[in-house]
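Asks: Sequence:
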Amino acid sequence: MKRGSAVYAVKTATTLALLVVILEALAYTLGFPHVRGILEALASQAQQGLLVQDIAVSLSRWAIGFSTGTVLGIALGVFTGRIQRAAFMFEGLFVFFRGIPFIALLPLTLFVFGISESGKFFLIAWVSAGVSWVIAHQAAKNIRNRVLWRMQVLNISTTRKIFQIILPSIRYQLFTAIRTSLSLALIVVAVVEMGGVYERSTGRWWSEGLGYRIFRSYDVGDLATMMASVLVLALLGLVLDQLFQYIWNRVASVREQYLAKRVRRRLRSLDLGKAHTYAGAKEALHVKALTAGFYGYPIIRGVDIEIAGGETMAIVGPSGSGKSTLLRAIGNFKNRGFFVHGERRLGNLDIGDARIGVVFQEASVLGHMTVWDNAMSGIAEPTEADVQRVGEMLKRFGLLPHAHRLAEYLSGGQRQRLAIATALAYKPALLLLDEPFGALDAITRRKMQEFYFENVKGNSTALFITHDIEEAILIGDHVRIGTRPDAPSFPTGSSEKPEVREFTPAFVEQKKTVSDALHREYEREGGVC
Numbered sequence: 026m027k028r029g030s031a032v033y034a035v036k037t038a039t040t041l042a043l044l045v046v047i048l049e050a051l052a053y054t055l056g057f058p059h060v061r062g063i064l065e066a067l068a069s070q071a072q073q074g075l076l077v078q079d080i081a082v083s084l085s086r087w088a089i090g091f092s093t094g095t096v097l098g099i100a101l102g103v104f105t106g107r108i109q110r111a112a113f114m115f116e117g118l119f120v121f122f123r124g125i126p127f128i129a130l131l132p133l134t135l136f137v138f139g140i141s142e143s144g145k146f147f148l149i150a151w152v153s154a155g156v157s158w159v160i161a162h163q164a165a166k167n168i169r170n171r172v173l174w175r176m177q178v179l180n181i182s183t184t185r186k187i188f189q190i191i192l193p194s195i196r197y198q199l200f201t202a203i204r205t206s207l208s209l210a211l212i213v214v215a216v217v218e219m220g221g222v223y224e225r226s227t228g229r230w231w232s233e234g235l236g237y238r239i240f241r242s243y244d245v246g247d248l249a250t251m252m253a254s255v256l257v258l259a260l261l262g263l264v265l266d267q268l269f270q271y272i273w274n275r276v277a278s279v280r281e282q283y284l285a286k287r288v289r290r291r292l293r294s295l296d297l298g299k300a301h302t303y304a305g306a307k308e309a310l311h312v313k314a315l316t317a318g319f320y321g322y323p324i325i326r327g328v329d330i331e332i333a334g335g336e337t338m339a340i341v342g343p344s345g346s347g348k349s350t351l352l353r354a355i356g357n358f359k360n361r362g363f364f365v366h367g368e369r370r371l372g373n374l375d376i377g378d379a380r381i382g383v384v385f386q387e388a389s390v391l392g393h394m395t396v397w398d399n400a401m402s403g404i405a406e407p408t409e410a411d412v413q414r415v416g417e418m419l420k421r422f423g424l425l426p427h428a429h430r431l432a433e434y435l436s437g438g439q440r441q442r443l444a445i446a447t448a449l450a451y452k453p454a455l456l457l458l459d460e461p462f463g464a465l466d467a468i469t470r471r472k473m474q475e476f477y478f479e480n481v482k483g484n485s486t487a488l489f490i491t492h493d494i495e496e497a498i499l500i501g502d503h504v505r506i507g508t509r510p511d512a513p514s515f516p517t518g519s520s521e522k523p524e525v526r527e528f529t530p531a532f533v534e535q536k537k538t539v540s541d542a543l544h545r546e547y548e549r550e551g552g553v554c
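Under the numbering used here, the first residue of the sequence shown carries the number 26, and numbering increases by one thereafter.
Where hints are given, some of them may not hold.
[To be verified] The list that follows gives simulated cross-link-like pairs (lysine-lysine, DSS-like), each with its CA atoms no further than 30 Å apart:
1. Lys472 - Lys522
2. Lys359 - Lys307
3. Lys452 - Lys359
4. Lys286 - Lys299
5. Lys420 - Lys522
6. Lys299 - Lys420
7. Lys313 - Lys452
8. Lys472 - Lys299
9. Lys307 - Lys452
10. Lys359 - Lys313
[What the hints assert, rightly or not] Pairwise CB distance ranges (calculated):
11. Lys286 - Ala531: 50 to 60 Å
12. Gln73 - Ile128: 23 to 33 Å
13. Ile187 - Gln282: 18 to 28 Å
FYI, nobody ran anything at the bench for these hints, they're computed from the structure.
For every residue, glycine included, the Cβ atom is placed at its ideal position computed from N, Cα and C.
Let's have the full structure, built from the sequences with the hints guiding it.
Replies: Okay, here's the thing in structure tokens:
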């Protein structure tokens with residue numbers, strides 16, 4: 026027997042033993058029925074067919090109300106969590122409705138639905154929808170901005186955004202929502218089945234169900250049957266909870282295995298070792314009078330930037346000087362409270378219509394997707410040439426052996442390399458890079474710099490933010506100091522490879538020039554260098 030199974034068996038036996046002790050203690054102190062009497066009542070109910078019937082009826086009520094309410098609650102939660110206008114209009118109302126105890130709605134449901142089954146379904150669905158909405162709403166509301174900005178640059182459809190990115194991104198919170206809803210719905214089933222015990226109806230379910238059996242047994246003084254029904258209801262809740270967890274984990278495992286098998290099958294067709302073009306757009310970037318900040322307070326003001334087609338501008342500057350804000354403003358990556366004013370064009374296109382690749386300091390990869398699917402996510406209709414190019418790039422980035430794995434299993438450095446690969450995969454017209462190599466070790470960082478120099482620089486227009494002066498000079502065609510409108514900018518003017526260039530006198534002189542300018546910027550900002 027495996028150790029896990031043995032532990033589970035011991036835990037189950039301990040639980041049963043403690044339950045027997047508690048029931049016997051209640052019998053001797055409060056006059057409850059003994060365990061033997063409860064078991065006899067349970068056997069009697071089973072022989073009469075009442076036990077199976079009660080379980081079937083309660084489960085049917087639970088399944089209808091739980092499934093309806095949970096699906097509705099999750100849908101509304103995602104709706105109000107992601108759409109600000111919806112949250113403004115409905116969030117307060119939903120919070121108010123959820124605050125109404127479901128037990129207080131019993132008279133209302135009798136008034137509206139009478140003694141029909143519809144009233145029971147309504148109350149079960151009400152509670153399920155309430156708890157599902159709260160959890161889904163908060164989860165959707167708190168999705169990381171970088172995930173949303175990535176969806177923005179990929180320019181995917183609304184349907185794909187919801188079902189392939191938003192819902193999978195909050196899957197762990199949805200697991201909690203469904204599991205909580207499951208338990209609460211079963212509690213409501215018991216309560217609504219206790220209501221109307223003395224009513225008469227032609228409805229075939231009216232006087233059936235575990236809740237009815239609990240109340241009716243108490244009414245006639247049959248405490249053994251009452252306790253038996255209570256324990257069956259508890260066991261039913263435990264079984265449903267464990268079954269749900271098993272199904273959830275099993276589906277996740279099967280899905281992961283399917284994705285891995287599909288990617289492995291795709292990788293067999295790769296013909297690696299060939300040269301590919303990873304960038305090929307040379308539209309110039311024009312930024313004029315750009316102002317951006319939060320809640321009316323500007324972080325950058327009146328910034329003008331011109332980057333010639335195919336060139337890379339590297340920006341260095343003190344922490345807090347607005348470098349990341351500048352990148353967000355150019356890419357139009359907004360969230361609550363963030364505002365942007367000014368002109369941003371790529372060639373003749375407004376920035377909103379341009380094909381942008383972005384890499385943030387914190388890697389924004391989709392953990393529920395495989396490494397391969399992350400890299401291919403921005404290519405709407407991939408050709409065989411796209412497949413070969415992405416495969417070769419993953420190989421060069423050291424990610425091909427992990428292509429079949431979910432991205433959530435990658436290390437921090439691997440995730441950052443995947444983020445870079447994803448940004449380059451669909452050959453964007455503009456690259457916005459915020460410390461793209463900052464999370465990498467020294468050797469990997471140098472390899473990525475060399476890859477950029479050989480395959481991207483000169484072939485794609487890019488804004489490259491870094492705190493490393495040497496990297497700025499090696500990568501950039503121009504190095505800009507900070508984000509002030511009058512910030513100095515220095516041309517680097519060299520086509521030598523990084524491993525050659527960094528030992529030349531010209532590089533040393535440029536490094537001193539940039540370093541002195543950065544010192545002056547620190548002094549201007551009142552910081553410490």
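Asks: If a hint holds in the structure, say so; if it doesn't, say that too.
Replies: Hints, verified against the model:
no.: 1; hint: Lys472 - Lys522; result: holds (12 Å)
no.: 2; hint: Lys359 - Lys307; result: holds (26 Å)
no.: 3; hint: Lys452 - Lys359; result: holds (23 Å)
no.: 4; hint: Lys286 - Lys299; result: holds (25 Å)
no.: 5; hint: Lys420 - Lys522; result: holds (21 Å)
no.: 6; hint: Lys299 - Lys420; result: holds (11 Å)
no.: 7; hint: Lys313 - Lys452; result: holds (25 Å)
no.: 8; hint: Lys472 - Lys299; result: holds (18 Å)
no.: 9; hint: Lys307 - Lys452; result: holds (11 Å)
no.: 10; hint: Lys359 - Lys313; result: holds (18 Å)
no.: 11; hint: Lys286 - Ala531: 50 to 60 Å; result: holds (53 Å)
no.: 12; hint: Gln73 - Ile128: 23 to 33 Å; result: holds (31 Å)
no.: 13; hint: Ile187 - Gln282: 18 to 28 Å; result: holds (25 Å)
When the structure is compared with the earlier hints, no violation turns up for any of them.
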